[in-house]
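One line per chain: the protein sequences are V and D, in this order. By the numbering used here, the letter at position 126 of the first sequence is numbered 126, and the numbering carries on one by one without gaps. By the numbering used here, the letter at position 397 of the second sequence is numbered 397, and the numbering carries on one by one without gaps.
What the hints contain is simulated information worked out from the structure, not anything from laboratory work. Every value quoted in this text rests on a predicted model; they were computed, and no experiment measured them. Just so you know, even glycine gets a beta-carbon here, dropped at the ideal spot from N, CA and C. Mixed in with the good hints there might be a few duds.
Some chain D residues near chain V, calculated using beta-carbon distances under 10 Å [claimed, not checked]:
#, residue
1, 48
2, 50
3, 457
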Amino acid sequence: MGYPHQPHAKETVVLSQYFGDPEARTYQGWVKRGGYAALRTALARKPAEIVEIVKESGLRGRGGAGFPTGLKWSFMPKEKSKPHYLCCNADESEPGTFKDREIMRWTPHGLIEACAIAQYAIQAEVTYIYIRGEFTEPLAIMQRALDEAYREGVLGANAMGTGKRLDMYLHRGAGAYICGEETALMNSIEGRRGNPRIRPPFPAAVGVFGMPTTINNVETLAAVPHILNRGAAWYKSLCLSNPKSTGTKLFSVCGHVRRPGNYEVTMGFPLKDLLYDLCGGMRGGRTLKACIPGGSSVPILNREETESCLLDYEGCATQGTMLGSGGVIVFDDSADMVYQIMRLARFYAHESCAQCTQCREGTAWVTKILQRILAGDGHQKDLDLLLDLSEQMTGKTICVLSDSCAAPVVSGIRKFRQEFEAYLTGARRPAGAGVAV
Amino acid sequence: MSEHELVSLTIEGVDVSVPKGTLLIEAAKQAGVVVPHYCYHPGLPVAGVCRMCLVEVEKTPKLQIACATPVAPGMVVRVMSPPALEARKGVLEFLLINHPLDCPICDQAGECELQDYVFQEGRARTRYGSFAKRFNPVEDFGGDVLYVPNRCILCTRCVRFMDHVADDSILNVSERGDRALIGIHGDRALDHPWAGNVVDLCPVGSLISKDFLHKARAWELDRTASVCTGCSQGCNVTLDTRQSAVVRARPRPNPDVNRYFMCDYGRGQYRWMNGGDRIEAPLLAERDGLVATDWDHALARAAQLIKGAAGRTVVLASARASTEALFLARRLAGGSSVTGAFRVEYVPGEAPLSGVPNLALRSERAPNATGARVLGYTEAFDAAVRTASEAGLVLVLDEPLHGVPANTLAGAGMVIYLGTVLPEAARVARVVLPIANVAEEDGTFVNRDRRAQRYFQAKATPGMARPAWWVLGELLAELGRGGPFATAAEAFDLLSREDPSFAGLSYATLGTQGVGLPAARPPVVVPA
């Protein structure tokens, strides 16, 4: 549903069915809505069978990279010689993204059930749900639900009365964007500084506490009970375009649309329809200028690209961007793209973990140049410099934070060069007092 | 798969075969290529953060960091290809934008890897423009270490050393983004006994030694391989000298002894090597006291005294003396009625470096106590001093005679004193022969694990002082019992011929990293 709006007819409501329904937050309410049936089914089967079903469903990671979930699970050692861990990445910090927050706020038991199934499928003893520190309300709701789940025997030494042990902990982040990167998240859980780790070794071999670990996004996991309940074939059939992208996806739309919010649509849904139908079009009768379809880290689309973009992994790639986390940021013709791009760069400069040279120094330098341009002090060669620095910051670091800073800069200059030129030539006056730079 | 399985690959057009699991950066050394790097250090866990060692690997879309990429069969690696050079040029530019470029007043200049690589493959001019550089004040980390954050490139070698090698997490990376800097535990100083290594590990002038601060420029220094005299561990060191003064000691890598490290106590040892209170000429006891003379007269007088000596001979030796000198002194003293003794300061408790097996500042605070024992000296020093008064000949080998009352040796038949300084108790000597200290001669020490290690002459001897092996060789020659020796190697050759503990060894076989002595044998009786 387009929470907080009523569901739109074009939505495919699966994960968001109970958004806005307080009763679904309680154990009793969740069971009444068919909750924990999938977990019961799962615990009666072999872990490998669950992995197969998820593989078959075509479910792919909803955190940004779009890696096939079943395949990821299958990387865990088959012969168990060490403890296994599941980490649920609920550190939703990508600017423009707020879907996991709603999943946790409205269907906490759904997430717990999903984690328990995944945990069983990868033969993990423990699940850590790593919740973004700023999410105080989702944390409180999740904690209440977790306590209930233990009290009701869903989790613990005798999970669902099956004699199997399932343990789950909430871990609250401390406010660092980078802790949403899976290896930084593991470091953070271990009590270390949240720095991304070099791969290999990959988490399935050496993860949290040095043990085999799987890390999945909240939305990815949340789809799993539905797949078990309704079958892989059903999930696979949820596809409007490319068969490699299946299921539903929550899009968090923000920016200059009439009805911002979360919308759940089938993979392959046209971005144009999302913006013009579901979100009611641009506010104040303005026209669309640009759109970032997958959270702040992906390349910006101009109007034409936005209007022909299909919302799945391949459809976004066709337009030269990425589906990412599904955080759709919309700009109308009033937006100053130079300022918007500076704001993004400044975010990354603030959040860089400082490990890799290109990222530590590059994100800050790029921000300074953009601020200089906005202040009317830019040089003609600044655009080439920005592009060159972006090149140095792409594909050369441990994680992709640096690339994420470069992506909007490069696509912004490429697609909105005239706006940069306007500042450089003096045709556009610097923002006056009161505009934060 | 065998641990010794070899992998063949091509680096910069050179075919190399290295053990499976070797990192590209190490394999490149086999190909004669040093991949520029900052955060990588063979003695520390891999961090992969500086991104300087990016190289091109054929069939891999992205550039790879050589420090974290293991070799694979058939790999083709290009270190100096345009994409790799371009990427490293980018890293260097990023590292320099906030760097103060204060090389003219920086201690590291001349031995700075940032300076070196920027000159080697960096950009000639900055594109940073007029932006203010990051500024943080200099911080005293305690111990011997100053932190100059403005020069820091955040390679984290220091943090990893303290975390993983010293096992004492005093340092960290504080803040994020371009505000990041090395932080120190709020309640602690960098006073770990091995903390000084962070200064050597720092590839730039960010962590610097207070002791060495502004003392010398790197290009003025001569560097000499030596062995630390601080304790019986025998850490391999480099003595840096400037105009015949040792100004600094730094660890010299030896995988079997000290890897890449040395302790702060050992670092301080260089100071006594520069002492100005030295004996600079041979002295003979004349009617009005000790009188300076030349070597010919002094050696002749000493030889004459030795020939005429009757009864027991006592050798009071220093455990800082070279193995050669200890051997030759006993040989000079002659037959069975010889008492050879030394003494060592024992400081209770060891200070181990936990990340390296069998490495510690030992409580036995002398470099060659094991060598002395192997050569038949005992630690019954006080007893030996007591018997000295009845001895026919007392030979003192650089033993400072601390605590030995001035008149103790007065009753001795004859005292021949070979030393660097002249303590009060030695003024009764009939002949005083000035000798070189460890920094002024070639020689060997035997460490606690019976490893014989060479040290090399780092500076000139003061005045007429000569190495003890030369002095003793001359005396032996006068007596027709071997010698003279033109080099320490010749003296060692005699030792290896005569003493089975050193059989088969030579300066050539010892090299610069030393060799373990053959298995322990009963102490040898020095032939008359």
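Verification of the supplied hints:
no. : hint : result
1   : 48   : holds (4 Å)
2   : 50   : holds (6 Å)
3   : 457  : violated (42 Å)
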